[in-house]
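Q: So the protein lines, in turn, are chains A and B. First residue of the first sequence? That's 626 in the numbering used here, and the numbers climb one at a time after it. First residue of the second sequence? That's 3 in the numbering used here, and the numbers climb one at a time after it.
Rather than coming from a laboratory, the hints here were simulated on the basis of the structure. A couple of the hints might just be wrong.
[Stated by the list, open to error] Restricting the straight-line Cα-Cα distance to at most 20 Å, the calculated cross-link-like pairs of lysine to aspartate or glutamate (DMTMM-like) are:
hint, chain 1, residue 1, chain 2, residue 2
1, A, K633, B, E572
2, A, K630, B, E572
3, B, K244, A, D667
4, A, K638, B, D578
5, B, K575, A, D667
6, A, K642, B, D578
7, B, K338, B, E353
8, B, K99, A, E711
9, A, K630, B, D578
10, B, K500, A, E711
11, A, K668, B, D74
12, A, K668, B, E572
13, A, K668, B, D578
14, A, K633, B, D578
15, A, K670, B, D220
16, A, K706, B, D578
17, A, K628, B, D578
18, B, K99, A, E708
19, B, K215, A, D664
20, B, K246, A, D667
21, B, K244, A, D664
22, A, K670, B, D225
23, B, K99, A, E629
24, A, K705, B, D578
Keep in mind the model is a prediction, meaning the values are calculated, not measured.
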Amino acid sequence: MNKEKINKYSYWKANLKIVSILLSIWFISSFGAGIIFSDFLDKIKIGGFELGFWFAQQGSIIIFVLLIVIYCFLMNRLDKKFEVSED
Amino acid sequence: MDVQLLTYIIVGAAFALYIAIALWSRASSTGEFYVAGGGVHPIANGMATAADWMSAASFISMAGIISFMGRDGSVYLMGWTGGYVLLALLLAPYLRKFGKFTVPDFIGDRYYSNTARLVAVICLIFISFTYIAGQMRGVGIVFSRFLEVDINTGVIIGMAIVFIYAVLGGMKGITYTQVAQYCVLIFAYMVPAIFISILMTGNPIPQLGFGSKLLTEDIYLLDKLNLVLNDIGFNSYTDFNKSKIDIFCITAALMIGTAGLPHVIVRFFTVPRVKDARTSAGWALLFIAILYLTAPAVSSFARLNFVNTVDNTAYADTPNWFKNWEDIGLISWTDKNKDGIIQYRSGNALEKNKPQFTSERGQYNQRLVINNPTSNANEIYIDRDIMVLANPEIAKLPNWVIALVAAGALAAALSTAAGLLLVISSAVSHDLMKKTIKPSITEKQELLLARISAATAIIIAGIFGIYPPAFVAQVVAFAFGLAAASIFPALVMGIFSKRMNQYGAICGMLSGLTFTASYIVFFKFISPEYNNQEYWFLGISPEGIGVIGMVINFLIAIIISSITKPPPIEVYKIVDIIRMPGGK
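Construct the entire structure; sequences and hints are all you get.
A: Next up, the structure:
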C-alpha cells in the first residue's frame with residue numbers, strides 16, 4: 626500500500642473510533658439515564674429534581690450540545706494531524 | 003396600550019423586518035436559490051437551522067403537551083434534540099463534502115440510480131407537506147386569537163409574507179430571514195419564562211426555577227405539582243405513564259427522524275467547508291437547546307398555575323383569558339354538578355373529547371356544547387396548544403409580553419414553513435425536472451421553475467391552512483417515522499458502507515417505508531379502535547414504530563446488497579472523497 630492509502634485508512638479508522646465513543650455517551654446519557662435506569666436514578670434527589678427526571682428533561686440535552694462541541698474539537702485536530710484540513 | 007394594538011405594532015414591525023431582509027438578499031442563481039451560494043457563516047447557519055427546525059409545534063404546542071403528559075413528554079425533549087448528535091456525527095460533514103444541492107441528489111448519485119432518486123423525492127415531498135399543514139394551522143391559531151382576524155385572512159397574510167421572501171430570495175433570502183426569526187422567537191419564549199420563574203420561585207433562571215422551592219410555601223415546585231395533581235385524581239407529574247419500551251422507541255424514532263428530515267439536512271449544504279458543517283451543527287443544537295431546556299420549566303409552571311387558577315373557581319370569577327379562549331373554542335366548561343364552580347379532574351369531560359359548541363349560552367353565560375357529558379367529575383376541556391400562548395395571561399404578565407409571544411409564534415411557524423417550501427421546490431425543479439425528466443433545461447429555466455414550484459407549494463400549504471385536514475395531529479408521527487425508516491438508513495449506509503449497492507438501498511427504503519406506513523395507517527386510520535397497547539407490535543405505538551421500520555430497512559438492504567453485484571468503481575471513489583474533508 627502506498628502512503629496515501631495508509632493515510633486514508635488510518636484517518637477513517639480514527640474517525641470511526643471518535644464517532645463510536647461519542648455515540649455511546651449519547652446513548653447512555655439519553656436512553657440510559659433518562660429511560661432505562663431512570664427508576665434507580667430517581668431515588669437520588671438534587672434540589673427539587675429526581676435525577677432520572679432531570680436527565681430526561683435537562684441533562685441529556687446539555688450533554689448532546691457538549692458532545693458536538695467535543696466532536697468538532699477532536700475532528701479538527703484529526704484533520705490537522707492527517708493534513709486533510711481545508712485551510 | 004391594549005394587547006390588540008401592541009400586537010399589531012410588534013407583529014407588523016417583525017414582518018417589515020423580514021421583507022426588508024428578503025429584498026436585500028435576492029437569489030440570482032440556482033446555487034443561491036438552493037443552498038445560498040454555499041457561503042453562509044456557521045453561526046448564522048446555526049441560527050437559521052434552529053429557526054427552521056423549531057416550528058409552530060415546538061413553540062406553541064410542545065410545552066403544552068409536556069404540561070399535560072408530565073414525564074412522558076420527555077420523549078419530545080430528548081427526541082427533537084438528540085437527532086442533532088446523529089446529524090453532526092453521521093451525516094452533515096459528509097454530505098457537505100459531497101457538495102450538491104439536495105438530499106435526493108446524494109441518494110441518486112451514490113446509488114447510481116434515478117429510481118433511488120425518485121423514491122427519495124417521494125419520501126421527501128410527503129414528509130414536507132405533512133409538516134407544512136401543521137405550520138399553517140399554527141399561523142391560523144395565532145392570527146385568530148391575537149389579531150382578531152378570521153383564520154383564513156390570517157393564513158393568507160402568512161402565505162403572502164412567505165411568498166415574498168421564499169420565492170424572491172430562495173435559500174439565501176430564507177436563511178437571513180430565519181436568523182432574524184430565531185432572534186424574535188427565542189426572545190419571545192424566554193421573556194415570559196423568566197418572568198414566571200421569578201414570580202413563582204424567585205429564581206430568574208427557569209431551568210433552575212422548576213427545581214426550586216415555591217415562594218409561597220416551603221415545598222419544591224415539582225413536589226407541590228405532584229401533590230396538587232394527585233389530589234384531583236391525576237398521576238404524579240414526574241412519573242412515567244407509558245411503558246418503557248414505548249418511551250424508548252418514540253424517543254429513538256423522533257431522534258432518527260430528525261436526522262433524516264430533508265429540510266434540516268439541506269441546511270448543512272449552505273456552509274463553505276466540511277469543518278463549518280460540523281461547527282454549524284453544534285451552534286444549531288445550542289440555539290435549539292436554549293428553547294428546549296426552557297420548555298419543560300414552562301410546562302411545569304403552566305400546569306401548576308392552570309390548576310390553581312381554574313380548579314374550584316366560580317365560572318363568573320374566571321379571568322379574561324379563560325373566556326377569550328372559550329370564545330375561540332379551545333376551552334369548554336360543562337357544569338356537571340350545577341354549582342357554578344369549575345371542577346378540574348382527570349379524564350375527558352365530554353364524550354368524543356373535543357367540544358362541539360351550540361350557539362347558545364348557559365346560565366352563567368358559558369358556551370354550551372352538544373356533546374354528552376361523561377360520568378366522571380371533570381368539567382373542563384382544554385386544548386393543549388393554548389398553554390404557551392395563554393401562559394403570560396395566566397401569570398398576569400404585562401401586555402407587551404403577550405404581544406411578543408404572538409410575534410414569536412408567527413416567526414416559528416413562518417420560518418419552518420419557508421424552509422419546507424424550499425425543499426419541496428428544489429425537489430421538483432432540480433431532482434424531478436433537471437435530473438430526471440428534462441436534463442436539457444438551462445440554469446435560468448431551472449431557477450424560474452424553482453420559483454414557480456415554490457409558489458405552487460405555498461398555495462397548496464395555504465389551502466391546508468384554510469381547510470385543515472382533520473388528521474394533521476395524527477400524521478406528524480408519519481413524517482418522523484417515514485424519515486427514520488426511509489431516508490436516514492439510505493444516507494448512513496451510503497457513507498459508512500462502500501459495498502451498499504442500488505438494489506439494497508432501494509429495497510431497504512421501500513420495505514422500511516411500506517412497513518412503517520402500513521402500521522401507522524392501520525392503527526390511526528383503518529382501525530383506530532385497536533390502537534392500544536394490547537394490539538401493538540411488541541407494545542410499540544405508531545409514534546415509535548419508525549425505529550422498527552429503520553431496522554427492517556437496514557436488514558433488507560444489507561441482505562440484498564450482499565447477494566447482488568457490488569457498486570461500480572466510481573461509487574467507491576465518491577465514498578472515498580466524501581470521507582475526507584480536504585483534497586480530492
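Q: Compare the distance between the alpha carbons of K244 of chain B and D667 of chain A with 20 Å, and conclude whether the hinted pair is satisfied.
A: holds (17 Å)
Q: Tell me if the straight-line CA distance from K99 of chain B to E708 of chain A falls inside 20 Å.
A: holds (16 Å)
Q: Just to be careful, I want the Cα atoms of K638 of chain A and D578 of chain B compared with a cutoff of 20 Å; is the pair within it?
A: holds (13 Å)
Q: For the pair supplied as a hint, K642 of chain A and D578 of chain B, confirm whether the alpha-carbon distance does not exceed 20 Å.
A: With Cα atoms ~18 Å apart, K642 of chain A and D578 of chain B stay inside 20 Å; holds.
Q: For K215 of chain B and D664 of chain A, compute the direct alpha-carbon distance and say whether it is at most 20 Å.
A: violated (23 Å)
Q: Hinted pair, alpha-carbon criterion (20 Å max): K630 of chain A, E572 of chain B. Please report holds or violated.
A: Holds. K630 of chain A to E572 of chain B sits at ~17 Å (cutoff 20 Å).
Q: Straight-line Cα separation of K670 of chain A and D220 of chain B no greater than 20 Å?
A: Holds. K670 of chain A to D220 of chain B sits at ~17 Å (cutoff 20 Å).
Q: Taking 20 Å as the top limit, are the C-alpha atoms of K633 of chain A and E572 of chain B close enough?
A: holds (17 Å)
Q: Is the Cα-Cα distance between K99 of chain B and E629 of chain A 20 Å or less?
A: holds (19 Å)
Q: With the threshold set at 20 Å, check whether the alpha-carbon distance from K705 of chain A to D578 of chain B stays at or below it.
A: Holds, at about 18 Å.
Q: Compare the distance between the alpha carbons of K706 of chain A and D578 of chain B with 20 Å, and conclude whether the hinted pair is satisfied.
A: holds (18 Å)
Q: Starting from K668 of chain A, check that the Cα of E572 of chain B is at most 20 Å away, please.
A: violated (56 Å)
In summary, the structure is inconsistent with hints 5, 10, 12, 13, 19 from the numbered list given earlier, while agreeing with the others.
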